[in-house]
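Construct the entire structure; sequences and hints are all you get.
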Amino acid sequence: MSADAVQEANSGHPGMPMGMADIAEVLWNDHMRHNPSNPRWLDRDRFVLSNGHGSMLLYSLLHLTGYPLGIEDIKKFRQFGSHTAGHPELDLDLGIETTTGPLGQGITNAVGMALAERILASKFNKGDHSIVDHFTYVFLGDGCLMEGISHEACSLAGTLKLDKLICFYDDNGISIDGEVDDWFDEDVCARFKSYGWHVIQDVDGHDADAISKAITEAKASDKPSLIDCKTVIGFGSPNKAGTADTHGAPLGDEEIANLRESLSWEHNRFEIPDEIKNGWDCREKGQSAENEWNERFEQYKSENPELANEFLACMNGNIANFEMPHLDALIDELRNDASSVATRKSSLVALNALKEDQTNMIGGSADLTGSVCTYHDGSKPITKNDHDGNYIFYGVREFGMSAIMNGMALHGGLIPYAGTFLTFSDYSRNAIRMAAMMELGVIHVLTHDSIGLGEDGPTHQPIEHVPSLRLIPGLDVWRPCDTLETAVAWKVAVEKRNTPSALILTRQSLPQHDRSKEMTDNIHKGGYVLIGEEDARPDAIIIATGSEVQYAVNASNALQSEGYSIRVVSLPCVEIFEQQSDEYKESVIPQDHEKIMVIEASMASAWKGYAGRKGVVVGMEGFGASAPAPELFKHFGFSDENVIEKLKEMINS
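Taking the working numbering, the leading residue of the sequence shown gets 170, the next gets one more, and so forth.
Just so you know, these hints were derived from the structure itself, not from any lab. A portion of the hints provided could be inaccurate.
Derived EDC-like pairs (lysine to aspartate or glutamate); straight-line CA-CA distance at most 16 Å [to be verified]:
1) Lys764 / Asp708
2) Lys754 / Glu702
3) Lys694 / Glu633
4) Lys382 / Glu177
5) Lys399 / Glu440
6) Lys764 / Glu687
7) Lys295 / Glu479
8) Lys694 / Glu624
9) Lys777 / Asp683
10) Lys295 / Asp557
11) Lys454 / Asp199
12) Lys399 / Asp422
13) Lys754 / Asp704
14) Lys665 / Glu744
15) Lys686 / Glu502
16) Lys524 / Glu731
17) Lys803 / Asp557
18) Lys454 / Asp708
19) Lys330 / Asp557
20) Lys514 / Asp546
21) Lys245 / Glu440
22) Lys399 / Asp311
23) Lys446 / Glu194
24) Lys686 / Asp497
25) Lys783 / Glu818
26) Lys777 / Glu790
27) Lys362 / Asp346
28) Lys553 / Asp391
29) Lys392 / Glu633
30) Lys764 / Glu818
31) Lys446 / Glu430
32) Lys524 / Glu440
33) Lys382 / Asp371
34) Lys694 / Asp708
35) Lys399 / Asp350
Keep in mind the model is a prediction, meaning the values are calculated, not measured.
Right, here's the structure in full:
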């Protein structure tokens with residue numbers, strides 16, 4: 170079926186599905202607990218196709234075992250509008266947990282899933298009741314293991330003893346460029362043993378009994394397991410098996426015919442005899458397994474009603490619909506009284522309120538906990554010996570951290586957030602992009618947001634990073650100007666469970682700004698008028714974000730004393746502001762106003778659209794320098810004097 174679908178599409182990778190088909194049959198029919206009639210069953214085993222180019226294998230499995238993926242979808246592999254994309258990422262209704270387009274992220278997502286399972290099991294399993302007790306299975310290949318992110322994730326998985334994680338290594342010695350010995354000859358099994366994994370070596374990937382025995386052994390281990398499966402890529406193809414010719418191109422009609430003869434398969438394309446359909450169908454067995462779990466859960470619920478309700482709320486994604494009274498009270502308090510602190514510390518103030526409202530938040534940091542302020546008063550570390558916690562020390566693994574958070578969100582039940590310096594978001598970028606693509610509500614805390622980092626110099630001073638993150642569709646990028654905006658940013662980020670958020674925070678202290686109740690409410694809209702009347706026509710408008718809002722406010726106050734009318738717009742989240750009604754956006758930033766200044770300590774070119782042809786952007790034109798932050802801000806034009814001078818020039822031009 171996989172080879173035929175790739176041939177029909179004239180596009181795809183038939184070799185891996187053919188090479189791993191025997192492993193897949195044993196796993197999906199004999200070991201994996203899943204219910205095709207309910208792909209969202211809460212305690213199902215998870216399956217991740219990390220070598221996602223072999224997606225036709227997954228589609229074949231889903232179709233054969235009874236998931237709602239019809240033969241017409243198989244025939245339309247890689248075609249517009251079908252459910253069978255070249256690299257599927259997420260479609261739970263069809264049974265697709267996640268796969269990997271960018272290699273290495275699938276195994277890393279799986280680490281996040283397995284970690285989520287252990288965290289939730291530690292919290293909710295009580296006495297003899299194990300309502301969270303499932304495995305995460307992963308298919309991966311040489312490409313996944315060459316990617317650096319696999320080192321980050323698998324190292325952490327071994328350290329944390331994620332024993333419910335079982336990986337099948339498609340050890341076929343072939344990648345797109347050919348035999349891998351000349352560029353990948355490391356001892357993979359020794360590598361995983363050094364991580365602290367249970368490794369089962371030299372399993373014949375075409376021997377069903379050997380595969381089943383290895384799975385049984387892996388299930389019994391108290392460590393994550395790697396099953397090294399010796400396979401032949403393109404298994405069954407008389408002329409192309411074992412070669413790169415089966416990796417990224419259809420076999421061709423002639424070789425497909427040879428394949429049928431080699432496998433003694435006498436049926437036409439996409440024709441599956443009834444006895445084979447019935448043999449593969451897992452719906453009855455899957456429903457029976459779910460029914461048994463439902464009975465156990467009802468018993469659990471009768472003895473632990475509050476925990477049972479919390480578990481269901483978490484797993485069904487309803488926790489964010491609960492009220493957030495502690496954070497709301499903080500927001501009211503901050504509107505009237507707030508200290509001048511760095512917004513990274515403002516973020517911690519918000520977290521200390523949120524910890525009472527959202528008990529399923531899982532924090533962390535890439536070895537910068539004290540600097541990024543992600544460890545709140547109720548944080549408890551997750552360790553190799555105790556998974557009953559809410560904080561992960563990821564070590565210096567920014568990319569791995571971000572993709573593991575995606576895996577936790579994919580698993581369900583948790584709201585992951587974690588921090589690093591903004592400049593290191595480059596390491597995480599592809600995982601952030603995948604969160605946006607899959608609509609996962611993970612929260613990135615990205616601090617030390619500009620030249621305000623100071624003495625560490627240009628390598629650590631993010632200049633292009635904020636505009637770059639804003640280019641990712643479906644990502645909310647918040648750059649708050651004080652503690653109140655930071656608290657609101659956290660509230661919106663937690664509420665939006667299908668949208669990832671990046672909170673861009675300062676190292677240096679910022680002044681707090683006075684607001685009315687209406688202004689405070691409008692922060693949720695991503696942008697609002699901080700100074701000036703919305704219905705009045707100002708002489709100029711200043712748009713600013715984050716630490717630069719203070720310069721806009723100071724300039725407005727200074728010019729007001731000279732008879733000018735200057736509106737200040739704080740724009741902490743461009744993405745959310747752009748989603749507002751045209752009427753609201755017009756009331757904040759009139760389209761026909763030509764005297765608009767924008768101030769942000771990032772690349773000036775990114776703001777030209779807002780400033781317009783006659784406007785002015787006070788921003789960065791290149792990299793920063795190593796010096797104390799106040800000197801840098803003044804040198805690069807972020808000062809009251811420079812802003813006032815350029816503002817007057819713009820108004821009078």
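Results for each hint:
no.: 1; hint: Lys764 / Asp708; verdict: holds (7 Å)
no.: 2; hint: Lys754 / Glu702; verdict: holds (14 Å)
no.: 3; hint: Lys694 / Glu633; verdict: violated (24 Å)
no.: 4; hint: Lys382 / Glu177; verdict: violated (36 Å)
no.: 5; hint: Lys399 / Glu440; verdict: violated (30 Å)
no.: 6; hint: Lys764 / Glu687; verdict: violated (26 Å)
no.: 7; hint: Lys295 / Glu479; verdict: holds (14 Å)
no.: 8; hint: Lys694 / Glu624; verdict: violated (35 Å)
no.: 9; hint: Lys777 / Asp683; verdict: violated (29 Å)
no.: 10; hint: Lys295 / Asp557; verdict: holds (12 Å)
no.: 11; hint: Lys454 / Asp199; verdict: holds (10 Å)
no.: 12; hint: Lys399 / Asp422; verdict: violated (28 Å)
no.: 13; hint: Lys754 / Asp704; verdict: holds (13 Å)
no.: 14; hint: Lys665 / Glu744; verdict: holds (13 Å)
no.: 15; hint: Lys686 / Glu502; verdict: holds (11 Å)
no.: 16; hint: Lys524 / Glu731; verdict: violated (47 Å)
no.: 17; hint: Lys803 / Asp557; verdict: violated (48 Å)
no.: 18; hint: Lys454 / Asp708; verdict: violated (72 Å)
no.: 19; hint: Lys330 / Asp557; verdict: holds (13 Å)
no.: 20; hint: Lys514 / Asp546; verdict: holds (13 Å)
no.: 21; hint: Lys245 / Glu440; verdict: holds (15 Å)
no.: 22; hint: Lys399 / Asp311; verdict: holds (12 Å)
no.: 23; hint: Lys446 / Glu194; verdict: holds (13 Å)
no.: 24; hint: Lys686 / Asp497; verdict: holds (13 Å)
no.: 25; hint: Lys783 / Glu818; verdict: holds (11 Å)
no.: 26; hint: Lys777 / Glu790; verdict: holds (13 Å)
no.: 27; hint: Lys362 / Asp346; verdict: violated (28 Å)
no.: 28; hint: Lys553 / Asp391; verdict: holds (11 Å)
no.: 29; hint: Lys392 / Glu633; verdict: violated (42 Å)
no.: 30; hint: Lys764 / Glu818; verdict: holds (10 Å)
no.: 31; hint: Lys446 / Glu430; verdict: violated (21 Å)
no.: 32; hint: Lys524 / Glu440; verdict: violated (55 Å)
no.: 33; hint: Lys382 / Asp371; verdict: holds (13 Å)
no.: 34; hint: Lys694 / Asp708; verdict: violated (24 Å)
no.: 35; hint: Lys399 / Asp350; verdict: holds (15 Å)
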